[in-house]
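*Asks:* With these hints in hand, go ahead and build the complete structure from the sequences.
Listed below are the residues making up each chain.
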Amino acid sequence: MTQKLIVVGAGMATGRMLEALFDARACYNVTLFNAEPRGNYNRIMLSPVLSGEKTYDEIVTHDADWYDANGVTCRFGESIISIDRDAKTVTAENGDVIAYDKLVFGTGSNPFMIPLPGHELEGVIAYRDLEDTQRMMDLGPDNKCVVIGGGLLGLEAAAGMAARGVDVTVVHIMGHLMERQLDEAAGYLLRKALVEKGITVKCSANSKEILGENGRVRALLLVDGTELACDLLVMAVGIRPNVKLAQECGLAVGKGIHVDDHMLTSDASVLAVGECVEHDGAIFGLVAPLYEQAKVAAQTLLGADARFVQKELSTKLKVTGCDLFSAGDFADAEGREDIVFRDPARGVYRRLVIEGNVIKGAVMYGDTADSNWFFGLIRDKTDISDMRDTLIFGPAYQGGTPLDPLAAVAALPRDAEICGCNGICKGQIEDAIAAGATDLGAVRATTKASGSCGTCTGLVEQVLAISLGDKFVMPAAQSVCGCTDMTHEDVRRIIKGQKLTSMPAVWQECGWKTSCGCHICRPALNFYLLADWPMEYQDDPQSRFINERKHANIQKDGTFSVVPRMWGGITTPDELRAIADAADRYMVPTVKVTGGQRIDLLGVKSEDLPGIWADLNAAGMVSGHAYSKGLRTVKTCVGTDHCRFGTQDSTGLGIKLEKELWGSWTPHKLKLAVSGCPRNCAEATCKDIGVVCVDSGYQVSIGGAAGMDVKETELLVQVPTEEDAIDVIKAVTQLYRENARYLDRIYKWMGKVGLDWIRERIVDDLQSRTELVARFELSQTIYRKDPWAEHARTKADRYQPLASLSLEAAE
Amino acid sequence: MTDWIDIAPLDDVPRRGARMVRTALGCVAVFRTAEDEVFALDNACPHKAGPLAEGIVHGKSVTCPLHNWVISLETGRAQGVDEGQVNTYPARIEGGRILLDRTFLYARAVA
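If you read the protein sequences in the order shown, they are chains H and X.
Using this note's numbering, read the first sequence as starting at 373 and increasing by one per residue.
Using this note's numbering, read the second sequence as starting at 17 and increasing by one per residue.
The hints are simulated quantities; they were obtained by calculation from the structure and are not laboratory data.
Remember, it's a predicted structure, so these values are computed and weren't measured experimentally.
Possibly wrong hints are sitting among the right ones.
Facing chain X, according to a computed beta carbon distance under 8 Å, are these residues of chain H, among others [stated by the list, open to error]: (1) S887; (2) C890; (3) R894; (4) F917; (5) I918; (6) G930; (7) S1176.
The C-beta atom is built at its ideal place from N, Cα and C for all residues, glycine as well.
*Replies:* Below is the structure:
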């Protein structure tokens, strides 16, 4: 027997419920009322409509044909004014009285309007339906709009209008954006991204009054007196379940319409679904539970026993191209611990909140690819103790459920280029493998693939793995050394992410297999720690190679070489006399001029080092750091001082650079040169960082080498002034310090990250450049000093034998 | 018979470090590990006579500064694929001071 069903509200929940009902071929005669003059559409897609990515037609979920085919009587644009539950009838706006067997509330929610003075002015709107969206779309470019509310809806509105060229300001009462879904750090990253898109964001901002003119909104006045002019004011501060009609007809109502697990209200003939309901104390705004309710309601109407169960909720959001994810509970509480991973360079932030070996909550920003996996762990309350060390890096780093990394490569066509340096395609590699090249070395030898910069090594290995199947053994990622299975990159990430500021902390957190590392990992860790945490970490001489521990270069006979600094390669007769005197006094067997324009005193005994340093210090000279993984020399030509071709003061710039950079530690040695004209007499284009002066400024290029590999630098940027050149060089040095693997020269690092990646952070993004310079300067407040003077003064005894038993021997 | 001689306070040698002791018969390197054990070895790597006292100390080993041979502080033997051994000498700590055995130090002359 066909029953009469009246549905109040054509929202997403009721639309889904009707689908389920019709799919089950239920015998219901449906009348659908909707106060909005249209049928069901996907309300969460209003944002793409606002930003212009979609049209309204594209977000309609059910059209006239569908209603027709299912016999739905549509009464769109009509409200219901009263319900008589005893008589089981509703009364429509036009006075029609219609009987029902079952009634479903899907009245949704109303936007909450803050009752500020002036909130009734023309031009003050909410963001809830297509009408609101149209108002925002009609606001032309260069008009001003203020959005009150820094939650998801407010930010979607702001981003959509900003994309249309509107000058948007977001006013948020809390300290950071989206405080319900995000913690402070993720909120900060989101804010930064929005500001970069030209949106003004004001947090901790209290609205006082909406100011008008001739009945129209003119500005928003904040409590602090700031006046934000606007042509449109959007309030997006939250929603309230729409319970008016339910309340009037006497249904049990709290925050929302009370429903049981079957979605039945206090009246067994009346159901409710969606944002208007309250179930077990909770109200709902996200789509997943609404759809679940819709399914349950349909089952109930069909006479089946289905129950709605509240589940752990996750939010995966996309606001203006910023990927966000949050799930569970991430508030600080006793007994909870955090695992945090941050990659400031990529704008990535991940935080997991752990309690009793179970993840309670997760916040992710920037890279949410692994969010489903984390959400599963939260939902299933998985014990994570076994994977705790690498948990934050996601499923690809766990033992249990590896992703299939081969799928992407397997899908490539034969003419896909694998090795960009040598132009080798996948097909050529496959042919070489078929001809008997069954390991990386053989493929390299026969095709040159991955033989140049090496960045495609992983791809070549994957082609091998696909072609050979089980016969190919994938070499494990190269670990730092035998003390750990982790790579340099893993360790650096963990040092940054977990803010590890001591070597024992790294050994502990990264699961070092030895008690205190070895001669390979300790110098690397010492560098990573001092580069990432200059203020917190104390340099450890015992983890440095002897040259850096004793500030001199050890020679094959155990003696040392001493190279005093000559700024930019400039010296004086007085300095030369002092060097000559020192060479005589300490009987230096060899005096040599170096390739970096310095003088090298070779063959100094360890115990004489403090003495010779003190002599050189007295003549005004300091350590030349010829022994360090750090700034070595800035080689210069004479430039405009003397040269008839010189275009700029190359010597002066070289001296300035050396005075700024000296003492800084870097992943490997760092050699610079400044040439005064493109004739390039200082050979700047084979240095780690080279400057070639031209009439119009300074060409800064990086990634040269003249050692085992010979490479020409590549142009990073040309800048007009010396100050710019110095800033760019400091920034590139800091970027290299923060990101490169220990013992990679700049050219090797550049081969891995790419020149474009470096350029983005130093040339394209001036704020990033400024921040890098600031971090470099901070570090230099600790390290820009002469170690020779300090050692000669405080550690001279360490250079002497601990004891001399010669006399006792004679006894 | 042992003849312990007082060399220096333990704190004169840094943890995970070494200092050199000069004797009439060549130099001896005195090592202090992270766990405050002391070891004494000839200050010359079996490979190219590199000064072991200038090496990096890790666990109970030292890495020679010249070519990265790893030498066991307990046995004086080269680790891994390298072959060779240096002399080791009894060393101990007493009352915060490092002691070496004179008998053994001079026995080298006989050997």
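*Asks:* Each of the hints needs a verdict: does it hold here or not?
*Replies:* The hints, checked one at a time:
With 8 Å as the threshold, the beta carbon of H:S887 comes within range of chain X, its nearest partner Cβ sitting at about 5 Å, so the hint holds. Hint on H:C890 holds. Least Cβ distance to chain X is approximately 5 Å, under the 8 Å limit. Residue-level restraint check for H:R894 holds (minimum Cβ-Cβ distance to chain X is 6 Å; threshold 8 Å). Checking H:F917 against chain X: minimum C-beta separation of about 7 Å stays under 8 Å; hint holds.
Because the smallest distance between the Cβ of H:I918 and any Cβ of chain X comes to about 4 Å, under 8 Å, the interface hint for this residue holds. The interface hint given for H:G930 is met, as the beta carbon of that residue sits about 4 Å from the closest beta carbon of chain X, less than 8 Å. Of the supplied interface hints, the one on H:S1176 holds, with its beta-carbon coming within about 4 Å of a beta-carbon of chain X, less than 8 Å.
Of the numbered hints stated above, none is contradicted by the structure.
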